[in-house]
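Q: Protein sequences, first through last, are from chains L and R. Taking the numbering used here, the leading residue of the first sequence gets 1, the next gets one more, and so forth. Taking the numbering used here, the leading residue of the second sequence gets 1, the next gets one more, and so forth.
Hints listed in this document are in silico derivations from the structure and should not be mistaken for laboratory results.
It does not matter which identical chain is meant; a pair holds if it fits inside one copy or across any two.
Taking lysine-lysine pairs in the DSSO-like style, the calculated list, with each CA pair at most 30 Å apart, reads:
| no. | residue 1 | residue 2 |
| --- | --- | --- |
| 1 | K20 | K48 |
| 2 | K28 | K269 |
| 3 | K39 | K29 |
| 4 | K53 | K88 |
There are 2 protein chains.
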Amino acid sequence: MVKIAIDAMGGDFGPEPIVKGCVNALKKKQFIPILVGKKSEILPLLPKRYRDKISIVETDDVISMSDAATDAVKRKESTIYIATELVKNGEADGLVSAGHSGATMTLATIRLGRLKGVSRPALVTFMPTKTGGKSILLDVGANVDSKPEHLVQFAIMGGCYAQNVMGIKEPSIGLLANGEEDSKGNEVTKATYKLLQGYPGFKGNVEGGDIFNGSCDVITCDGFIGNLVLKTSEGVASTISGLIKDYIRKSPIAITGALLMRKVFKLLKKQIDYAEIGGAPLIGIKGCAIVSHGKSNAKAMENAIYQAISYVDNHVNDHILEELEKYNEIN
Amino acid sequence: MVKIAIDAMGGDFGPEPIVKGCVNALKKKQFIPILVGKKSEILPLLPKRYRDKISIVETDDVISMSDAATDAVKRKESTIYIATELVKNGEADGLVSAGHSGATMTLATIRLGRLKGVSRPALVTFMPTKTGGKSILLDVGANVDSKPEHLVQFAIMGGCYAQNVMGIKEPSIGLLANGEEDSKGNEVTKATYKLLQGYPGFKGNVEGGDIFNGSCDVITCDGFIGNLVLKTSEGVASTISGLIKDYIRKSPIAITGALLMRKVFKLLKKQIDYAEIGGAPLIGIKGCAIVSHGKSNAKAMENAIYQAISYVDNHVNDHILEELEKYNEIN
Chain L
1 MVKIAIDAMG GDFGPEPIVK GCVNALKKKQ FIPILVGKKS EILPLLPKRY
51 RDKISIVETD DVISMSDAAT DAVKRKESTI YIATELVKNG EADGLVSAGH
101 SGATMTLATI RLGRLKGVSR PALVTFMPTK TGGKSILLDV GANVDSKPEH
151 LVQFAIMGGC YAQNVMGIKE PSIGLLANGE EDSKGNEVTK ATYKLLQGYP
201 GFKGNVEGGD IFNGSCDVIT CDGFIGNLVL KTSEGVASTI SGLIKDYIRK
251 SPIAITGALL MRKVFKLLKK QIDYAEIGGA PLIGIKGCAI VSHGKSNAKA
301 MENAIYQAIS YVDNHVNDHI LEELEKYNEI N
Chain R
1 MVKIAIDAMG GDFGPEPIVK GCVNALKKKQ FIPILVGKKS EILPLLPKRY
51 RDKISIVETD DVISMSDAAT DAVKRKESTI YIATELVKNG EADGLVSAGH
101 SGATMTLATI RLGRLKGVSR PALVTFMPTK TGGKSILLDV GANVDSKPEH
151 LVQFAIMGGC YAQNVMGIKE PSIGLLANGE EDSKGNEVTK ATYKLLQGYP
201 GFKGNVEGGD IFNGSCDVIT CDGFIGNLVL KTSEGVASTI SGLIKDYIRK
251 SPIAITGALL MRKVFKLLKK QIDYAEIGGA PLIGIKGCAI VSHGKSNAKA
301 MENAIYQAIS YVDNHVNDHI LEELEKYNEI N
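Input sequences plus hints: build the corresponding full structure.
A: What follows is the structure in structure tokens.
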């Protein structure tokens with residue numbers, strides 16, 4: 001059975017949503033959770049009948065959001081460090097943390113190591129599409145100043161994830177650029193374009209708007225850019241919902257309208273709510289690490305755990321090794 | 001009186017919305033419009049009482065969207081070329097075109113020339129903020145692979161625009177990056193940060209989401225990135241509105257709700273509709289050029305004309321020259 005190490009203390013709201021998410025996941029899936037954190041805080045949150053199904057590794061050091069990611073390597077008693085070591089030692093197959101994301105990425109990369117052929121692991125996110133599906137965007141923040149060979153690896157790794165975890169047989173792959181034409185792009189994307197030409201599923205350049213129209217399953221970009229795209233998307237969505245709320249508040253007729261449209265807004269929220277997705281897999285490391293949002297609720301944590309299980313169960317890393325080798329043989 | 005050369009043929013919908021926008025602008029503002037295009041198509045669209053208030057420069061060559069921007073320089077009879085020459089020769093003070101934007105930018109840059117001290121002109125766009133205002137984002141597509149000194153110039157030029165056209169006394173300036181901390185950024189933005197430190201109004205790094213929260217009046221970024229941010233924003237907004245429409249269609253109760261919320265949606269559309277803004281000024285050239293969206297309707301064209309008038313009336317270029325000189329003296 002898959003064993004998942006869970007940083008029980010890292011999120012913005014303390015252990016409560018994390019433990020709750022873990023218990024909810026246990027109700028639906030078979031796996032072995034290992035919670036890392038303060039027993040005295042975790043135990044009271046665990047319903048009695050789950051206490052023997054969950055093991056706890058005791059530690060009381062938590063890396064806070066204001067700590068530097070570089071501290072992570074030194075603080076060997078931190079929840080994230082210990083969760084990573086559990087994966088490294090084979091006591092767990094994957095880890096989930098809603099704590100300091102820089103620390104999680106640094107530790108997972110340094111302590112677990114990169115897969116053979118991977119220069120830089122990438123952070124994966126899932127964007128909702130008009131067609132009701134999801135497109136994979138990577139990297140969304142693990143790297144800046146990526147080189148063309150990195151963007152190629154992101155594309156290949158994203159393809160493996162889409163294929164094996166999301167069950168997309170022949171994932172289409174796009175290169176994020178400032179125009180669809182081959183001639184568009186900056187120095188890095190133009191060089192990447194050449195390297196990806198002929199790769200199965202590669203569709204060429206895609207624009208910012210294409211992320212949401214479902215035209216591509218996987219979109220590769222530098223982490224500086226991916227981060228901006230992600231934060232911009234969240235900003236637009238929250239601005240629109242804020243404006244709607246403001247306007248509604250001012251008009252009694254609109255309040256009635258909003259009540260009637262409640263289900264619509266609920267469905268919409270579901271479509272764009274990150275809690276429905278879970279976390280962001282860090283792809284390209286030996287092992288499995290899901291980087292969750294600090295503000296994750298129980299639902300988000302539950303889904304992040306499913307992501308980890310699915311990542312391990314579907315042998316994503318084996319497929320990546322295979323695909324990278326195949327690509328390198330031809331190119 | 002300000003004279004504005006208007007490419008009457010360039011938009012996706014032919015001369016109709018352009019001529020209509022021009023006539024509507026004439027009803028409200030005093031200026032001299034010079035329409036460039038086919039007289040035979042323009043005249044029938046002009047109400048008789050406006051015929052003597054508008055002059056037409058006859059030409060029948062129009063650069064289409066599928067033409068290369070580089071062709072623009074050769075096709076000296078094209079509407080965009082002639083409109084640019086009118087500005088160059090002093091027969092017009094500014095130009096507006098909804099035609100091939102690459103051609104407009106190329107011609108404005110090459111034929112009019114750059115302002116002293118400006119290495120690269122930048123395309124300016126306006127993003128709606130939660131606080132009901134607008135923030136200026138530049139560059140959104142004139143340049144890729146911008147260097148730190150370019151981003152500094154964009155910041156300074158954006159500040160001049162905010163101050164003189166938008167009337168913001170002390171505009172705050174942000175540098176678009178993947179995190180607010182000084183340590184965040186890529187090579188280019190980190191170097192830009194150092195160059196902008198101490199510049200009046202400079203607030204440091206801002207993230208993608210900050211574009212919409214009104215925390216900064218001016219945000220500087222590379223054109224590749226600005227284009228992606230802009231297209232992503234449009235993509236998110238159109239996806240959300242599409243999802244709402246889809247859901248509403250499926251539910252009779254929601255239809256009633258939507259009818260009651262009509263005014264809300266109308267206000268929302270106004271807030272995020274580019275027609276309300278007009279076009280994108282190309283800033284940093286000798287003269288004034290407003291690059292309008294190909295899909296501009298009459299309202300968008302009318303507003304683009306106001307932008308051009310306002311740009312000229314407020315002597316934006318003089319202020320830019322002054323500010324750049326001041327910056328270069330200190331640094």
